[in-house]
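A.B. asks: Chain A is already provided as a structure; the job is to place chains B and C on it using the hints.
Residue numbers (numbering that gives the first Met the number 0), protein chains in the order written: chain A, 0 to 131; chain B, 0 to 382; chain C, 0 to 345.
Since the hints were made in silico from the structure, they are not lab data. Beta carbons are placed, not taken as given, at the ideal position from N, Cα and C, and that holds for glycine. Each hint should be verified, as a subset may be incorrect.
Just the calculated beta-carbon pair ranges, DEER-fashion [said to hold, decoys possible]: (1) B:Q58 - C:G193: 40 to 48 Å; (2) A:R9 - B:G352: 52 to 60 Å; (3) A:W8 - C:A85: 14 to 22 Å; (4) C:N68 - B:Q58: 51 to 59 Å; (5) B:E154 - A:P31: 23 to 31 Å; (6) C:I330 - B:S116: 28 to 36 Å.
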Amino acid sequence: MKKSVVAEWRRYEDRYRLMGSVCLLCKENFFPRVTHCVRCGSSDVRDRLFLREGEIYSFSKIHVSPEQFQKQVPYYVALIKLDNGPVISSQIVDVGSEKLFVGMRVYAVFRKVSGTGEQALTYGIKFRLTKK
Amino acid sequence: MNVFVSGQYMTKFGEHFEKSLLDLSLEATFGALTSASLTKDTIDAIVVSNMLSDTLSGQGHLGALISGSLGLTVEAFRVEGACASGGIAVKKAVDMLKAGTHKNILVLGVEKMCDHSSSETTQALTNASDAEKEAFYGITFPGLYAMMARRYFYEYQIGQAELAAVSVKNHYHGARNKKAHFPKEISEKVAMTSSKIADPLRLFDCSPISDGAAALVLSSHEPQSQRKPVRIVGSSIATDSVSLQERKSLTSIKAAELAGKRAYIEAGISSNDVDVAEVHDCFTIAEILALEDLGFFKRGTAGYATMQKKTYYDQEMPINTSGGLKSCGHPVGATGVKQVVEITEQLQGTAEGRQVDNPQYGLTHNVGGSGATCAVHILTNTL
Amino acid sequence: MKIGIISYGAYIPKYRVTTEEIAGVWGKNAEEIARGLFVSEKSVPGLDEDTITIAHEASRQALDRVAFNPRHVDALFVGSESHPYAVKPSSVTVAKALGVGTDYYTADLEFACKAGSAGMQIVSSFVSSKKARTGLAIGADTAQGKPGDALEYTAAAGGAAFLIGSDDYEHIATIDDYVSYTSDTPDFWRSKHGKYPHHAERFTGKPAYFKHIFGATTYYLEKNNYSPSDFDSVIFHMPNGKFPRTVARALGFTEDQLSDSLVVDFIGNTYSGSSLLGLARVLDSAKPGDRILMTSYGSGSGSDTFSFTVTDAIEKMQTGVTVNDYIEDKIYLSYGEYAKHVGTVN
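Only chain A is shown next, with the shape it has when bound in the complex (with noise of 0.2 Å):
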């Protein structure tokens, strides 16, 4: 299916800063954003930009992708735990001969996800491994 760009412009706010959401009843932290706090159900729940840091909690080195992320193939995907927010779903770019570790520190980098020629670009928060 064609990406609706109204979809993807819906969510820049999330996707170009880590901005999500705390629940201000039971302190619980979500990303990206929510309405309604996933947890305890209230409903005063305000915007909260995470920190730019934390380390990978899982991690896959993708080699066989969906057609618009062929020309990225072989990319690291990860889960990465926050330093002060949840754990959250990107990609770990520019590894060398580094390699990978569950507990690995990363920082958030802002990339082009998707999108070539005539199609709209997708832009989101991916990570770095720090350096020591």
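C.D. replies: Positioned in the frame of chain A, the structure of chains B and C alone reads:
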């Protein structure tokens, strides 16, 4: 109220280039009716399980499509819960029979996946993950299970050899099932050196893309056929977040644990009483998680148990005697229904070449997505 | 009112391809080329990097260095010759990702390799006219060289951003003055739908690069009554390593005054990012009181000259990531991988 499996049938799973979605559906339907010694006019409702017909066949409205193709006018509808669609369909039919509104329900699971390139089919399957949180970043289905595997490796110190053992065992079983998509044995070396799909998962850690259909006739009265009567005595569905990032653990599937627990309670048995099980091995790691979620093995030990061959059909805990999704094939909507077909045959003693020794209780475990939906059924031949 | 640089940031992608690797593919003598261009390797964008992401990263570094609230950015201009879209601004995506808000002046700029310094002039003028208190001027490019063309050895990726503001803010360097020297000169161009630029070979030298840099710089020196020896550092646009050295000598600057700026030796020509990256590298090691002169060059053609006076505030700013850190952090690509990165293979 009892629920009986009156009839069951599965088409050969594989590449059916010459057959349409409807052709496969009708073959399975008439196969199940013949097995039940019933005519189509005795069917009073149809539940269809299918995930991808809208995307891959440009066809929705499957309930009426099947009913109309059978010349019937009965209540008919389709259910969808990704790869767990089949288990959901069985549960819905069980609920309707228990409610007493229907007597003979046709449960049909069907999927037509081979009409398209694998990248198109993979793309369609990705719809079962969270579109905004996961698929957006290029995280594929194998990628999600690979991250579960990676986390399992980290928490329990196992590796690729344990995963390969699952694949080798399921191919050993599949080689004894004529209807399997890939009915041939493989070596550990083949599994461990096959091409990488989503590290650490390789080709032989992944179930294939298949065409196929499976059908059941479920009845509220004891069937007329000569075979041993088989009843569904536990039927449960549980759900959890679609995305992995919201789960508390990656090394167990909460929906599977819950569905299993509820089904055991309903059946009045424990995991020790289960003699044979069909579990959802869409990826090898998924079978290891299933064995632990269902209580067959302690946390962190299912990989080792598999290496020790404990899950072969003639050993202590036979798992996936059909060949599982890995070797038997995985036409998504058909899988959950096919699992009940296999367990019914095991309980009737007709699983030629891979028959478990005198089983009394069998279990099916059907998972949707990366674990967001799980349907568990318990069947028995005891009275 | 004094205007000046509040902060700056730089970014260079991690990937490199060597002159030797490229020359090998075309059967050329790598040593001779490297000696002629003074370029032995160049930076290459990641598969998911473009002018927008490079501009964003450099800007974010600039804001982070002084913990600057992005909402206080009043203007933002991205200069590039490789904006990802022909129609749809890069600047709005950069601003959105930085969290600038909605009340800012913006546009995308294009003037070959001097679009970044043109942005610095525009922001400086906005601040001088008090329409804005601060603004980001960004030069970023993922430059394309046609396979087999001489440009292939130098067309690189990178960018730098300068946060310029009024004296309501602390400056690390004041902007003394700026001028331009411009003419219609057809030395280099890319057509509306063309993927690669064309150039007029030797014509790009004397009547183009040298004439404009010479023109702008001498005009600036005369206007402000400066002589070359008044400056501690100087930056000239770097299409290769040879041209800035030649023009510096001709204008009466020493190798010492020029050397800190020469990022080209390590990463090639980052087009709109080139002179700005040179300035960032000079600021990385500048001392209070230093005088810096910069002249950019953009084909077509024009040159912008600026001079800056470094303040005491520079010392507390020289922490964090430096241009050299980016230069040294690298992964080498084969020509095949390089072709995948720059989209030659599709």
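A.B. asks: Starting from the hint list further up, note which numbers the structure goes against and sort them upward.
C.D. replies: none
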